[in-house]
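If you count the sequence shown from 1, position 660 lands on 660 in UniProt numbering, and the numbers rise without skipping.
These aren't lab readings, by the way, just hints derived from the structure by calculation. Glycine included, every Cβ here is placed at the ideal spot set by N, Cα and C. Just to be clear, a hint being listed does not mean it is correct.
As the list claims (entries may be wrong) - With a straight-line Cα cutoff of 30 Å, these simulated DSS-like cross-link-like pairs (lysine-lysine) come out:
id: 1; residue 1: K56; residue 2: K88
id: 2; residue 1: K256; residue 2: K222
id: 3; residue 1: K670; residue 2: K742
id: 4; residue 1: K77; residue 2: K93
id: 5; residue 1: K22; residue 2: K222
id: 6; residue 1: K714; residue 2: K790
id: 7; residue 1: K47; residue 2: K670
id: 8; residue 1: K654; residue 2: K632
id: 9; residue 1: K188; residue 2: K56
id: 10; residue 1: K286; residue 2: K332
id: 11; residue 1: K577; residue 2: K481
id: 12; residue 1: K93; residue 2: K363
id: 13; residue 1: K85; residue 2: K354
id: 14; residue 1: K256; residue 2: K332
id: 15; residue 1: K604; residue 2: K632
id: 16; residue 1: K286; residue 2: K222
id: 17; residue 1: K64; residue 2: K188
id: 18; residue 1: K278; residue 2: K332
id: 19; residue 1: K77; residue 2: K88
id: 20; residue 1: K85; residue 2: K222
id: 21; residue 1: K85; residue 2: K220
id: 22; residue 1: K88; residue 2: K256
id: 23; residue 1: K93; residue 2: K260
id: 24; residue 1: K689; residue 2: K714
id: 25; residue 1: K47; residue 2: K654
id: 26; residue 1: K432; residue 2: K577
id: 27; residue 1: K354; residue 2: K332
id: 28; residue 1: K220; residue 2: K260
id: 29; residue 1: K64; residue 2: K790
id: 30; residue 1: K654; residue 2: K714
id: 31; residue 1: K47; residue 2: K22
id: 32; residue 1: K275; residue 2: K286
id: 33; residue 1: K613; residue 2: K689
What the hints assert, rightly or not - DEER-style ranges, computed between Cβ atoms:
id: 34; residue 1: A763; residue 2: D617; range: 30 to 36 Å
id: 35; residue 1: N283; residue 2: L87; range: 30 to 36 Å
id: 36; residue 1: K188; residue 2: T253; range: 51 to 57 Å
id: 37; residue 1: E297; residue 2: E245; range: 21 to 27 Å
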Amino acid sequence: MAAMSVIGIDFGNESCYIAVAKAGGIETIANDYSLRGTPSCVAFSPKNRILGVAAKNQMVTNMKSTVFGFKRLLGRKFSDPYVQKELKHFPYKVEPRPDGGIGIRINYLGEDNVFSPEQITAMLFTKLKESAAIALQTPINDCVISVPSYFTNAERNALFDAAAIAGLNVLRLMNETTATALAYGIYKQDLPAPEEKSRNVVFVDFGHASLQVAACAFNKGKLRILATSCDASCGGRDIDSALAEYFCQDFITRYKLDPKKNQRAYLRLLQEVEKIKKQMSANSTKLPLNIECFMEERDVTGDMQRTQMEQICAETFSRIERTLKNILHNAKLRPEDISSVEIVGGSTRIPAVKALMEQVFGKVPSTTLNQDEAVARGCALQCAMLSPAVRVREFNVTDVQPYAVRLAWDADRGEDGDMEVFPAFHAAPFSKMLTFYRREPFSVSAYYSDEVPYPDTFIGQWHIKDVQPTPEGESQKVKLKVRVNIHGIITVASASLVEKKPDAQENVEMENSNENVQASGQELPMDTNQEKQENGQEEVREEQKQSWTQRVGQWLIGEGNDDKKDKKDKSKKVIVKTIELPIEARTHGFTQTELNSYLEQEGKMQAQDRQEKERADARNALEEYVYELRGKVSEGDTLHDFIAEDLRSRLVEKLDGLEQWLYDEGEDEKRQVYSDKLTELRTEGEPIKQRRLEFELRPGALDDFALSIQLTNKAVDQYRSGEARYAHLTEAEIAKVCEASKNALNWLETARQALARAPLHQAPPYTTHQIRQERQSLENIVNPILSKPKPKEKTPPPASNTAGDGQAPAPEQTTQEQMDVD
Numbered sequence: 001m002a003a004m005s006v007i008g009i010d011f012g013n014e015s016c017y018i019a020v021a022k023a024g025g026i027e028t029i030a031n032d033y034s035l036r037g038t039p040s041c042v043a044f045s046p047k048n049r050i051l052g053v054a055a056k057n058q059m060v061t062n063m064k065s066t067v068f069g070f071k072r073l074l075g076r077k078f079s080d081p082y083v084q085k086e087l088k089h090f091p092y093k094v095e096p097r098p099d100g101g102i103g104i105r106i107n108y109l110g111e112d113n114v115f116s117p118e119q120i121t122a123m124l125f126t127k128l129k130e131s132a133a134i135a136l137q138t139p140i141n142d143c144v145i146s147v148p149s150y151f152t153n154a155e156r157n158a159l160f161d162a163a164a165i166a167g168l169n170v171l172r173l174m175n176e177t178t179a180t181a182l183a184y185g186i187y188k189q190d191l192p193a194p195e196e197k198s199r200n201v202v203f204v205d206f207g208h209a210s211l212q213v214a215a216c217a218f219n220k221g222k223l224r225i226l227a228t229s230c231d232a233s234c235g236g237r238d239i240d241s242a243l244a245e246y247f248c249q250d251f252i253t254r255y256k257l258d259p260k261k262n263q264r265a266y267l268r269l270l271q272e273v274e275k276i277k278k279q280m281s282a283n284s285t286k287l288p289l290n291i292e293c294f295m296e297e298r299d300v301t302g303d304m305q306r307t308q309m310e311q312i313c314a315e316t317f318s319r320i321e322r323t324l325k326n327i328l329h330n331a332k333l334r335p336e337d338i339s340s341v342e343i344v345g346g347s348t349r350i351p352a353v354k355a356l357m358e359q360v361f362g363k364v365p366s367t368t369l370n371q372d373e374a375v376a377r378g379c380a381l382q383c384a385m386l387s388p389a390v391r392v393r394e395f396n397v398t399d400v401q402p403y404a405v406r407l408a409w410d411a412d413r414g415e416d417g418d419m420e421v422f423p424a425f426h427a428a429p430f431s432k433m434l435t436f437y438r439r440e441p442f443s444v445s446a447y448y449s450d451e452v453p454y455p456d457t458f459i460g461q462w463h464i465k466d467v468q469p470t471p472e473g474e475s476q477k478v479k480l481k482v483r484v485n486i487h488g489i490i491t492v493a494s495a496s497l498v499e500k501k502p503d504a505q506e507n508v509e510m511e512n513s514n515e516n517v518q519a520s521g522q523e524l525p526m527d528t529n530q531e532k533q534e535n536g537q538e539e540v541r542e543e544q545k546q547s548w549t550q551r552v553g554q555w556l557i558g559e560g561n562d563d564k565k566d567k568k569d570k571s572k573k574v575i576v577k578t579i580e581l582p583i584e585a586r587t588h589g590f591t592q593t594e595l596n597s598y599l600e601q602e603g604k605m606q607a608q609d610r611q612e613k614e615r616a617d618a619r620n621a622l623e624e625y626v627y628e629l630r631g632k633v634s635e636g637d638t639l640h641d642f643i644a645e646d647l648r649s650r651l652v653e654k655l656d657g658l659e660q661w662l663y664d665e666g667e668d669e670k671r672q673v674y675s676d677k678l679t680e681l682r683t684e685g686e687p688i689k690q691r692r693l694e695f696e697l698r699p700g701a702l703d704d705f706a707l708s709i710q711l712t713n714k715a716v717d718q719y720r721s722g723e724a725r726y727a728h729l730t731e732a733e734i735a736k737v738c739e740a741s742k743n744a745l746n747w748l749e750t751a752r753q754a755l756a757r758a759p760l761h762q763a764p765p766y767t768t769h770q771i772r773q774e775r776q777s778l779e780n781i782v783n784p785i786l787s788k789p790k791p792k793e794k795t796p797p798p799a800s801n802t803a804g805d806g807q808a809p810a811p812e813q814t815t816q817e818q819m820d821v822d
C-alpha cells in the first residue's frame with residue numbers, strides 16, 4: 001500500500017489537480033464532487049471551514065469570507081506594489097501584519113481571525129490530502145508539489161511552509177514547465193540516442209494567472225531544460241478583466257449601472273465573462289451575455305464575438321508574443337531548431353494565442369498532453385522516481401535556476417567581496433564550493449543579479465560561527481557549500497573548517513561540485529533525502545564530521561606553485577582535519593516556532609471541521625428519518641396499514657413537532673442531542689418498518705416451507721411405489737419421515753390461519769424467522785434419511801488360475817473363500 005501514496009499536486013491559482021502513480025500508470029484523482037479539478041478556494045462559516053468545490057459554489061453569497069487568489073500572495077509583504085495591485089481583485093479584507101507580512105482577516109467561529117496566505121494554502125492542501133487519502137484508501141505523506149518556474153526563494157520557502165503546516169512531506173517542489181516536460185518525455189519511445197543531437201521541444205503553459213514557456217532538449221532517458229521565459233502577471237484572468245471592463249462601460253452607457261460599485265455584481269460579471277470567453281474559443285459568431293437581477297433588481301444583456309475580444313485584449317496578446325520570442329533568445333534557438341510546440345493550461349485554448357505561437361515558432365501547436373492535468377501527472381511521476389516504493393523507467397531530469405545569483409561578503413585582504421556563483425539558466429540542483437580564509441566568524445549574503453518578479457533581490461544571509469585564528473595567529477581555511485537544492489531554493493548547505501593548511505596566495509576560490517549536476521529519481525535518492533531540510537529556513541546541520549585524509553589538490557585551486565612543488569617532493573598526501581561549523585541563517589520563511597504554532601492551530605481547525613461534520617451528519621440523519629417516516633405512514637403509502645389509526649395520528653404529530661424543532665431552537669444543537677432524538681424515534685418507527693418487512697418476506701418463507709413438505713411427501717410416495725433409489729431405506733425410517741412431514745404440515749396450516757386473521761398493525765403471531773426455523777427442523781430430520789447412500793455391492797475377485805475351464809467361481813464360493821482367509 002505504500003506505493004499508493006505516491007502523489008503529485010498541481011497547485012494552481014484557480015484549480016488544483018492530484019495525480020497518483022500506480023502500477024498501471026498515472027491516474028488523476030476525483031474529489032468528493034467527482035470532479036478532477038478542485039477550486040483553489042477556502043471559505044469560512046460561523047461553524048467551520050469550507051474547502052474546494054463547496055467554497056467556490058458559495059463564493060457569491062459568502063463573498064467577504066471566501067478567500068481565493070492567495071497563491072499570488074505567498075511569501076510577499078503587504079507593502080509589495082504587486083500585492084497592492086492584486087488587492088483590487090479581492091472582496092475579502094487584507095491587512096498588514098506586525099512583521100510587514102500579509103494578513104487575511106476573516107470571521108471564523110464568531111471571532112475575528114487573521115490568517116497568512118501560507119495558512120490559507122495549508123488549509124487547501126489539507127483538503128487535497130484528504131481527497132487523495134479517501135480515493136486511495138491509505139494515508140498520504142510523501143508528495144511532489146508544482147511551483148511556477150518564476151517563483152523566487154521567498155515564494156518557494158512560503159510554499160514549503162504551507163505544505164509543512166498541512167502535514168505533507170514534500171520530496172520536491174517541481175517547476176510546472178519541468179513537470180510538463182517530464183510527463184511528455186517519459187512516454188516517448190522515439191527520442192534520439194544520448195550521443196545523437198537532442199530533440200528540442202517548447203512547452204507553453206498559459207493558465208489563469210501566468211504565462212510560462214520552457215525550451216527542453218530530449219534524448220532517450222533524459223531531458224534537459226535549456227531556458228525558461230515567463231510573464232508572472234499575464235494570464236486568462238487578464239482577458240476576463242478586459243472583457244469585464246468593456247461590459248462595465250457598456251452597462252454604464254445603456255443601463256446607468258456601474259458594476260464596479262457593487263462587489264457582488266462585479267464578481268457575477270466576471271463569472272459570466274469567463275463563460276462567454278470559453279464559448280468564443282469554439283464559436284466565432286456573436287454570443288449573448290445575460291445576467292438576471294444583476295443590480296438594483298434589474299436584468300442586463302450584452303453580446304460579443306471573437307474579433308471584438310481580440311481587439312479588446314490586444315495588449316495582453318502583445319505581452320504573450322513578447323514572452324514567446326524571449327524563449328528563443330534565452331535558449332539560443334531558432335524556430336527551425338524546434339521540433340514541436342506543446343501547449344498546456346486552460347488559456348491556450350484561445351484561438352488567438354494558438355495563432356501567435358504558430359507565428360513565432362513557425363509550427364502548429366500540438367495538444368499531445370492533457371491541458372489541465374499534465375502538470376499533476378509530471379509531479380506524480382517525479383514523486384514515483386524519488387520514492388523507493390515504486391519502480392519507474394529511468395529518466396534523468398536536469399532543471400535550471402532561472403535567475404543569476406551572486407554572493408556578497410565582507411571583503412578581506414583585497415578581496416572583491418562579490419561573486420556571481422550561478423549565472424542565469426544554470427543547471428539545478430547544483431553545488432559549488434567556496435574557499436575563504438578567515439580569523440573570525442563572518443557572514444555571506446546571497447542576492448539575485450537579474451530583475452526578478454519580486455520587489456526584493458535579497459535571498460538570505462548566513463553567519464558562519466566558531467571561526468578562530470590558528471595558534472600562530474594566521475587565517476583558517478573555511479569551505480562553504482553553496483547550493484541550489486532540488487526545490488530550487490538557494491542556500492548555504494554547509495561550512496567546514498580545514499585545519500593546518502599551507503599558505504595560499506588567493507583568498508577566495510570556487511569549485512564546481514561534480515556531484516548532482518543532474519537530478520533524477522533513480523540517481524539521487526540519497527541527495528534528495530539530504531536536501532529535504534535545506535529549505536533556506538533557520539535550520540542548520542548539527543552533525544559533526546570526523547577528520548579524514550584528503551588530497552590537497554582536491555581542496556585547493558590555484559595555490560602557490562612553490563608550495564605545490566614542496567608538497568610533491570615530501571609527500572603526495574597531507575592529513576587535514578575538517579570540522580563542521582555551525583551556521584546561523586536569516587532567510588525568508590517562518591521560524592520553527594512559528595511553524596509549530598501554525599501546525600497546532602491547523603490541527604485544532606481540522607478537529608473543529610470534523611466535529612461540525614459529525615454534528616451536521618447527525619442533524620441530517622434525524623431530518624431525513626423524520627421526512628421518510630412521515631411520508632411512508634401517510635395515506636396510501638407503504639407503511640400506512642402497518643400502524644393503528646390512533647398511533648399514526650400521534651406519530652405524525654410528533655414528527656411535525658420534530659421538524660418544527662429542527663428549524664427553530666433545534667437548528668444549532670450538539671451532535672448527541674440529534675443522535676438521542678433519532679434513537680428515540682427509531683424505537684417507534686422501526687417496529688412499523690419491521691412489520692412491513694415481515695409482511696413482504698412471509699409469503700416466500702411459507703411457500704418454501706410448503707415446497708419442502710411437498711418434496712418430502714413425494715419421496716415417501718416414490719418409496720411406496722418401489723422406486724430403486726429409496727429401496728435401501730427401512731420401514732422405520734420412512735415412518736419417521738412421514739411423522740415429521742405430518743407435524744410440519746399441521747404447524748404450517750395453523751400458522752397460515754393465524755396469520756390470515758392477524759391485523760397488519762400488530763406484531764404477527766408467527767415471524768418469518770420462525771417459519772424458516774420450522775422448515776429447517778423438518779429438513780434436519782428428513783434429509784439425512786432420504787439422502788442416505790445405498791450400500792456398495794461387493795466386487796467379485798478375478799477367476800482362479802487353477803480352474804481348468806477358465807470360469808470364475810460362483811459368488812457363494814467367493815464369499816466362503818474370503819471368510820476362510822480372514
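Hints, verified against the model:
Between K56 and K88, the direct Cα distance comes to roughly 19 Å. Compliance with the 30 Å bound is thereby established for this hinted pair. Between K256 and K222 the CA atoms are separated by roughly 60 Å; this puts the pair beyond 30 Å, and the hint is violated. As the CA atoms of K670 and K742 are separated by approximately 59 Å, the hinted pair breaks the 30 Å bound. Straight-line distance between C-alpha atoms of K77 and K93 comes to about 15 Å, which keeps the hinted pair within the 30 Å bound.
Taken as a hint, the K22 and K222 pair is honoured in the structure, with Cα atoms around 21 Å apart against an allowance of 30 Å. A hinted pair counts as satisfied when its Cα atoms are at most 30 Å apart, and K714 with K790 qualifies at roughly 19 Å. Distance restraint check for K47 and K670: the Cα-Cα separation of roughly 12 Å lies within the 30 Å cut-off, and the hinted pair is therefore satisfied. Among the hinted pairs, K654 with K632 is consistent with the structure: their alpha-carbon atoms are about 15 Å apart, no more than 30 Å.
A hinted pair counts as satisfied when its Cα atoms are at most 30 Å apart, and K188 with K56 does not qualify at roughly 38 Å. At roughly 42 Å between alpha-carbon atoms, K286 and K332 are farther apart than 30 Å, so this suggested pair is violated. With a C-alpha separation of about 17 Å, the suggested pairing of K577 with K481 holds against the 30 Å cut-off. For the hint pairing K93 with K363, the CA-to-CA distance comes to about 46 Å; that exceeds 30 Å, so the pair is violated.
Between K85 and K354, the direct Cα distance comes to roughly 29 Å. Compliance with the 30 Å bound is thereby established for this hinted pair. The straight-line distance between the Cα atoms of K256 and K332 is roughly 53 Å, outside the 30 Å bound, and the hint therefore fails. With a CA separation close to 42 Å, the supplied pair K604 and K632 exceeds the 30 Å bound. Distance restraint check for K286 and K222: the Cα-Cα separation of roughly 47 Å exceeds the 30 Å cut-off, and the hinted pair is therefore not satisfied.
Restraint check: the Cα-Cα separation between K64 and K188 comes to about 48 Å, which exceeds 30 Å; the hinted pair is violated. Of the supplied pair hints, the one linking K278 and K332 is violated, its CA atoms being roughly 35 Å apart against a limit of 30 Å. Among the hinted pairs, K77 with K88 is consistent with the structure: their alpha-carbon atoms are about 16 Å apart, no more than 30 Å. Using a Cα cut-off of 30 Å, the hinted pair K85 and K222 is violated, with the two alpha carbons roughly 41 Å apart.
Under the criterion of a C-alpha separation no larger than 30 Å, the hint pairing K85 with K220 is inconsistent with the structure, at around 45 Å. Between K88 and K256 the CA atoms are separated by roughly 23 Å; this keeps the pair inside 30 Å, and the hint holds. Simply put, K93 and K260 have alpha-carbon atoms about 17 Å apart, close enough for the 30 Å limit, and the pair holds. With a CA separation close to 38 Å, the supplied pair K689 and K714 exceeds the 30 Å bound.
Taken as a hint, the K47 and K654 pair is honoured in the structure, with Cα atoms around 29 Å apart against an allowance of 30 Å. Note on K432 and K577: the hinted pairing holds, with a Cα-Cα distance of about 21 Å set against a maximum of 30 Å. The hinted pair formed by K354 and K332 meets the criterion: a straight-line CA distance of about 22 Å does not exceed 30 Å. The hinted pair formed by K220 and K260 fails the criterion: a straight-line CA distance of about 54 Å is larger than 30 Å.
Distance hint between K64 and K790 is unfulfilled; the C-alpha atoms sit about 86 Å from each other, more than 30 Å. About 55 Å separates the Cα atoms of K654 and K714, which puts this hinted pair outside 30 Å; it is violated. About 38 Å separates the Cα atoms of K47 and K22, which puts this hinted pair outside 30 Å; it is violated. The suggested pairing of K275 with K286 holds, with an alpha-carbon distance near 14 Å, which does not exceed 30 Å.
Between K613 and K689, the direct Cα distance comes to roughly 28 Å. Compliance with the 30 Å bound is thereby established for this hinted pair. At roughly 32 Å, the beta-carbon separation of A763 and D617 lies within the given 30 to 36 Å, and the hint holds. Take N283 and L87: their Cβ atoms lie about 35 Å apart, and the range 30 to 36 Å holds. For the pair K188 and T253, the supplied restraint of 51 to 57 Å holds, since their beta-carbon distance comes to about 54 Å.
The hint said 21 to 27 Å for the Cβ distance between E297 and E245, and at roughly 24 Å that hint holds.
In summary, the numbered hints that this structure violates are 2, 3, 9, 10, 12, 14, 15, 16, 17, 18, 20, 21, 24, 28, 29, 30 and 31.
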